[in-house]
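J.: Now for the letters of each chain:
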Amino acid sequence: MIEFKNLSLTYPNGTQGLKNINIKINKGEFVVIVGLSGAGKSTFIRSINRLVTPTAGELHVEGEDILQYKGRDLRELRKKIGMIFQSYNLVHRSTVLKNVIAGRLGYTSTLRSIFNMYPTEDIELAYENLKRVNIENKLYSRADELSGGQQQRVSIARVLTQQPNVILADEPVASLDPPTSHQVMTYLKQINREDNITTIVNLHFIDMAMEYADRIIGMRDGEVVYDGPASKVNEGTFEEIYGRSIREEDMRGGKEDVES
Amino acid sequence: MKANIPAKPKNNLKLVKRLISVIAIIAIYVWTFASVNIEWSKIFSMRTIENFDRIIPRFFDPAFQETGSIMLKMIETVFIAYTGSLAAAIIAIPLAFLCASNIVKSRIVNQIGMWILGAVRAFPEVLLAIIFVAAVGPNPFAGVLAISVGSTGMLGKLYSEVIESIDMKIIESLESSGANKLQILFYGIFPQVLPEFLSYAIYRFEIDVRASSVLGVVGAGGIGTLITFAYLNRNWEEVGMILLVIIVVVTIIDQISSFIRKRLV
Amino acid sequence: MSNPNEKYVPKSLYPTKTKLTITLALVGIIGFYLISSIQTESFIVNFFLKIGNVTELVGRFFPPDWSYAQQVWSKLFETIHMAIISSTIATLISIPFCLLTARNITTNKYLYNTMRFILNIIRTVPDIVLAVVFVGLFGIGVFSGIIALIIFAIGILVKLMSETIESIDMNPSEAIKASGGNTLQIIWYAVVPQVLPQFISFGLYVFEVNIRASVVLGLVGAGGVGQLINTQINFLNYPAVMTIVIIIFVVVVIIDYISSKLREGLV
Ligand SMILES: Nc1ncnc2c1ncn2[C@@H]1O[C@H](COP(=O)(O)OP(=O)(O)OP(=O)(O)O)[C@@H](O)[C@H]1O
Ligand SMILES: [Mg+2]
Numbered sequence: 000m001i002e003f004k005n006l007s008l009t010y011p012n013g014t015q016g017l018k019n020i021n022i023k024i025n026k027g028e029f030v031v032i033v034g035l036s037g038a039g040k041s042t043f044i045r046s047i048n049r050l051v052t053p054t055a056g057e058l059h060v061e062g063e064d065i066l067q068y069k070g071r072d073l074r075e076l077r078k079k080i081g082m083i084f085q086s087y088n089l090v091h092r093s094t095v096l097k098n099v100i101a102g103r104l105g106y107t108s109t110l111r112s113i114f115n116m117y118p119t120e121d122i123e124l125a126y127e128n129l130k131r132v133n134i135e136n137k138l139y140s141r142a143d144e145l146s147g148g149q150q151q152r153v154s155i156a157r158v159l160t161q162q163p164n165v166i167l168a169d170e171p172v173a174s175l176d177p178p179t180s181h182q183v184m185t186y187l188k189q190i191n192r193e194d195n196i197t198t199i200v201n202l203h204f205i206d207m208a209m210e211y212a213d214r215i216i217g218m219r220d221g222e223v224v225y226d227g228p229a230s231k232v233n234e235g236t237f238e239e240i241y242g243r244s245i246r247e248e249d250m251r252g253g254k255e256d257v258e259s
Numbered sequence: 000m001k002a003n004i005p006a007k008p009k010n011n012l013k014l015v016k017r018l019i020s021v022i023a024i025i026a027i028y029v030w031t032f033a034s035v036n037i038e039w040s041k042i043f044s045m046r047t048i049e050n051f052d053r054i055i056p057r058f059f060d061p062a063f064q065e066t067g068s069i070m071l072k073m074i075e076t077v078f079i080a081y082t083g084s085l086a087a088a089i090i091a092i093p094l095a096f097l098c099a100s101n102i103v104k105s106r107i108v109n110q111i112g113m114w115i116l117g118a119v120r121a122f123p124e125v126l127l128a129i130i131f132v133a134a135v136g137p138n139p140f141a142g143v144l145a146i147s148v149g150s151t152g153m154l155g156k157l158y159s160e161v162i163e164s165i166d167m168k169i170i171e172s173l174e175s176s177g178a179n180k181l182q183i184l185f186y187g188i189f190p191q192v193l194p195e196f197l198s199y200a201i202y203r204f205e206i207d208v209r210a211s212s213v214l215g216v217v218g219a220g221g222i223g224t225l226i227t228f229a230y231l232n233r234n235w236e237e238v239g240m241i242l243l244v245i246i247v248v249v250t251i252i253d254q255i256s257s258f259i260r261k262r263l264v
Numbered sequence: 000m001s002n003p004n005e006k007y008v009p010k011s012l013y014p015t016k017t018k019l020t021i022t023l024a025l026v027g028i029i030g031f032y033l034i035s036s037i038q039t040e041s042f043i044v045n046f047f048l049k050i051g052n053v054t055e056l057v058g059r060f061f062p063p064d065w066s067y068a069q070q071v072w073s074k075l076f077e078t079i080h081m082a083i084i085s086s087t088i089a090t091l092i093s094i095p096f097c098l099l100t101a102r103n104i105t106t107n108k109y110l111y112n113t114m115r116f117i118l119n120i121i122r123t124v125p126d127i128v129l130a131v132v133f134v135g136l137f138g139i140g141v142f143s144g145i146i147a148l149i150i151f152a153i154g155i156l157v158k159l160m161s162e163t164i165e166s167i168d169m170n171p172s173e174a175i176k177a178s179g180g181n182t183l184q185i186i187w188y189a190v191v192p193q194v195l196p197q198f199i200s201f202g203l204y205v206f207e208v209n210i211r212a213s214v215v216l217g218l219v220g221a222g223g224v225g226q227l228i229n230t231q232i233n234f235l236n237y238p239a240v241m242t243i244v245i246i247i248f249v250v251v252v253i254i255d256y257i258s259s260k261l262r263e264g265l266v
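Chains as they are written, first to last, in numbering that gives the first Met the number 0: chain A, 0 to 259; chain B, 0 to 264; chain C, 0 to 266.
If you're looking for bench data, these hints aren't it; they were derived computationally from the structure.
It is possible that some hints are incorrect.
[Claimed, not checked] Chain B is faced by these chain A residues, among others (derived, beta-carbon under 10 Å):
(1) L76
(2) T94
(3) E123
(4) Y126
(5) L129
(6) E135
(7) L138
(8) Q149
[Said to hold, decoys possible] Heads up, simulated DSS-like pairs for lysine-lysine below, C-alpha to C-alpha not over 30 Å straight-line:
(9) K16(B) - K260(C)
(10) K97(A) - K13(B)
(11) K261(B) - K158(C)
(12) K104(B) - K260(C)
(13) K260(C) - K156(B)
(14) K130(A) - K79(A)
(15) K137(A) - K13(B)
(16) K7(B) - K260(C)
(17) K69(A) - K97(A)
(18) K168(B) - K180(B)
(19) K41(B) - K158(C)
(20) K97(A) - K260(C)
(21) K18(C) - K180(B)
(22) K180(B) - K97(A)
(23) K97(A) - K156(B)
(24) K9(B) - K97(A)
(25) K260(C) - K13(B)
(26) K7(B) - K130(A)
(27) K108(C) - K69(A)
(28) K18(C) - K168(B)
(29) K260(C) - K72(B)
(30) K261(B) - K108(C)
(31) K16(C) - K261(B)
(32) K9(B) - K130(A)
(33) K18(C) - K9(B)
(34) K69(A) - K231(A)
(35) K168(B) - K130(A)
(36) K97(A) - K231(A)
(37) K74(C) - K108(C)
(38) K137(A) - K16(B)
(39) K130(A) - K69(A)
(40) K137(A) - K9(B)
Owing to the predicted nature of the structure, the values given are computational and were not obtained by experimental measurement.
Positions of the beta carbon are idealized from the N, C-alpha and C atoms, including for glycine.
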């Protein structure tokens with residue numbers, strides 16, 4: 000369980016990224032965060048694994064306030080929270096397998112990881128996870144030889160190899176075309192269901208949010224302006240969150256292409 | 000235990016290649032370390048310690064009274080570098096056009112041009128200086144010649160890369176408006192390449208200031224002459240002062256040059 | 000003020016200010032050229048005045064004395080060995096220093112600026128001065144030359160390497176950080192794969208530079224083939240000098256060729 004208690008974050012330059020957030024996210028939920036650019040979605044997500052540090056309030060992950068974490072504690076926290084990025088963040092020159100096994104770094108001593116001495120189970124785990132996202136045949140390809148969708152699937156496999164309790168995804172499909180976007184979201188949803196991993200995804204496409212989310216959190220100017228089950232959401236809700244009418248660019252579309 | 004995953008596809012050719020290169024590298028290092036002749040006993044000896052005691056304090060007590068004469072030689076060094084770089088900056092232009100495959104469409108001419116520039120670059124500048132000193136006597140002129148020939152090699156190559164990257168659409172549009180070859184050169188090509196040419200020429204001048212500090216060792220003028228004398232006389236205070244002057248002057252020139260180059264682009 | 004009936008006609012293709020700047024720059028460039036070329040006796044006419052010497056020059060250097068080649072090989076190999084050893088050691092030493100002079104790795108401003116300052120100074124010291132000092136300290140021989148070359152090469156390498164590090168993609172390091180990796184793991188998994196091929200390539204480049212530089216060093220007794228040149232010039236034995244020059248030229252061409260092929264393969 001993740002709990003934001005009166006959480007605020009002010010960046011060093013004075014920008015208020017988060018303003019007094021109070022949110023509780025339960026185990027196994029699939030939460031989608033929507034909001035315009037600059038609303039604070041990334042700041043929200045990156046607070047949870049402390050890539051940014053909130054400046055006031057409390058943030059509890061599995062019952063412990065994580066804001067005081069440093070060094071070893073912080074790494075332990077991050078080990079249990081997987082993160083997926085918009086630009087995949089793979090090491091281009093390394094092989095797919097090497098990128099995926101990097102998910103085990105938190106579990107592996109520095110010396111072992113430098114000499115690539117991973118336990119057999121870890122390598123098998125990495126391979127299993129590649130299979131789950133159907134990219135196992137690219138095992139030994141260099142990461143930069145893959146398409147965007149394939150790279151994002153590799154990064155999902157990397158996160159799975161971490162065996163996390165929580166997966167954070169910051170605009171995971173923003174660089175992908177519509178059919179590939181749906182494919183990636185489908186994998187995330189499937190993993191969320193099968194492994195009961197709490198999943199928090201930033202999106203700015205409202206059709207995708209409605210399709211995949213259990214629960215939708217709307218943000219504007221660093222504040223939570225909407226929080227409710229996806230089933231209760233309609234276009235009107237989004238117009239409230241965005242503070243403007245819905246436009247074409249807010250839709251991803253392309254669902255039909257996948258099914259056909 | 001072996002992980003239960005598909006084995007890495009074996010590429011035998013790659014494996015053999017890698018094996019050969021590893022063996023070659025090891026062989027080169029073994030050869031190097033086996034044959035290099037360092038007399039350790041001489042280096043870690045009382046004499047070295049004495050040398051340190053004698054030289055270091057004198058080196059860090061530079062001969063400020065020599066500042067005037069050293070400055071004069073340093074200015075001569077800068078002059079040599081400047082004259083040489085400027086000559087090279089101009090001579091390199093026609094050569095660069097010969098090498099640029101989008102301007103001169105004959106591959107043979109391109110190749111010959113590249114070959115000349117490559118050959119010039121392969122000559123260490125001191126060797127050029129030795130030859131020119133023999134030809135025109137031990138004076139700054141020899142240094143200027145060595146610098147200009149050496150710099151032409153590098154500038155020609157860099158220039159030709161610049162020319163090859165220009166936007167050819169502009170040339171086409173000029174051609175279709177009826178401009179002749181020379182007009183195209185002045186209106187279509189030079190405006191695109193001159194700022195970068197200039198930037199490279201200034202960058203080369205930075206290098207040439209350093210290079211011409213060395214040439215005096217073989218008699219080609221500049222501060223290198225003083226370095227040799229000071230060294231032969233074991234005048235470490237003067238070596239220290241020369242170094243100080245070089246550091247100051249080169250730093251100033253580097254700063255000015257990078258300031259100008261930033262404004263150019 | 001302006002007369003509405005008067006039509007504005009641009010007087011020139013360029014704004015006056017641009018024209019003024021260009022004119023001033025040209026005057027400066029040419030003026031400085033005049034001063035420096037006269038001071039160095041290399042004004043354009045000098046070329047024609049001294050062109051007569053060229054025939055004499057050819058006569059003095061040619062034909063090269065090929066029998067002397069026998070004596071060149073061992074010193075030539077010494078030059079190559081010096082370059083190999085110094086480039087290798089310099090590359091290894093440069094690695095920690097280039098991390099310290101890369102803005103995206105060393106976030107401490109004072110440390111970064113101090114390191115930059117020191118390296119900029121090192122890069123202004125000519126190889127010959129380094130050689131002179133180390134020959135003074137350690138005596139004539141290869142060792143002094145190697146030390147001089149190492150320091151000379153570090154100046155070049157650290158600059159190139161730190162620029163490479165500053166230009167890497169920081170996204171993978173963020174991913175490793177987010178999955179719980181420590182600093183060493185971040186460097187090893189996200190930074191090293193991105194920069195390693197470049198570093199090896201720079202190592203080879205510095206090897207090429209060191210081959211050339213070690214010719215100079217020999218002139219002041221710091222080992223290598225330059226020492227031979229020095230003796231032969233003192234004996235005024237120009238055909239032998241020419242032999243050495245040609246051999247060095249050929250070796251440099253071959254080494255540059257091999258090294259550039261290797262570097263192409265890397266990147
Ligand atoms: N490192 C930073 N320093 C200063 N201000 C920042 C920083 N990162 C983000 N901000 C500011 O904080 C606010 C929220 O940014 P955030 O990146 O969380 O928005 P977002 O909703 O993710 O937007 P987008 O959809 O564009 O990614 C913005 O006003 C942004 O300019
Ligand atoms: Mg964002």
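J.: It remains to establish, for every hint, whether it holds in the given structure.
T.: Hint by hint, here is what the structure shows:
| no. | hint | in the structure |
| --- | --- | --- |
| 1 | L76 | violated, 29 Å |
| 2 | T94 | holds, 9 Å |
| 3 | E123 | holds, 5 Å |
| 4 | Y126 | holds, 4 Å |
| 5 | L129 | holds, 9 Å |
| 6 | E135 | holds, 8 Å |
| 7 | L138 | holds, 6 Å |
| 8 | Q149 | violated, 17 Å |
| 9 | K16(B) - K260(C) | holds, 15 Å |
| 10 | K97(A) - K13(B) | holds, 20 Å |
| 11 | K261(B) - K158(C) | holds, 18 Å |
| 12 | K104(B) - K260(C) | holds, 26 Å |
| 13 | K260(C) - K156(B) | holds, 17 Å |
| 14 | K130(A) - K79(A) | holds, 21 Å |
| 15 | K137(A) - K13(B) | holds, 19 Å |
| 16 | K7(B) - K260(C) | holds, 28 Å |
| 17 | K69(A) - K97(A) | holds, 27 Å |
| 18 | K168(B) - K180(B) | holds, 15 Å |
| 19 | K41(B) - K158(C) | violated, 34 Å |
| 20 | K97(A) - K260(C) | holds, 28 Å |
| 21 | K18(C) - K180(B) | holds, 25 Å |
| 22 | K180(B) - K97(A) | violated, 56 Å |
| 23 | K97(A) - K156(B) | violated, 40 Å |
| 24 | K9(B) - K97(A) | holds, 17 Å |
| 25 | K260(C) - K13(B) | holds, 17 Å |
| 26 | K7(B) - K130(A) | holds, 16 Å |
| 27 | K108(C) - K69(A) | holds, 23 Å |
| 28 | K18(C) - K168(B) | holds, 27 Å |
| 29 | K260(C) - K72(B) | violated, 41 Å |
| 30 | K261(B) - K108(C) | holds, 23 Å |
| 31 | K16(C) - K261(B) | holds, 19 Å |
| 32 | K9(B) - K130(A) | holds, 22 Å |
| 33 | K18(C) - K9(B) | violated, 66 Å |
| 34 | K69(A) - K231(A) | violated, 40 Å |
| 35 | K168(B) - K130(A) | violated, 49 Å |
| 36 | K97(A) - K231(A) | violated, 43 Å |
| 37 | K74(C) - K108(C) | violated, 46 Å |
| 38 | K137(A) - K16(B) | holds, 24 Å |
| 39 | K130(A) - K69(A) | violated, 35 Å |
| 40 | K137(A) - K9(B) | holds, 15 Å |
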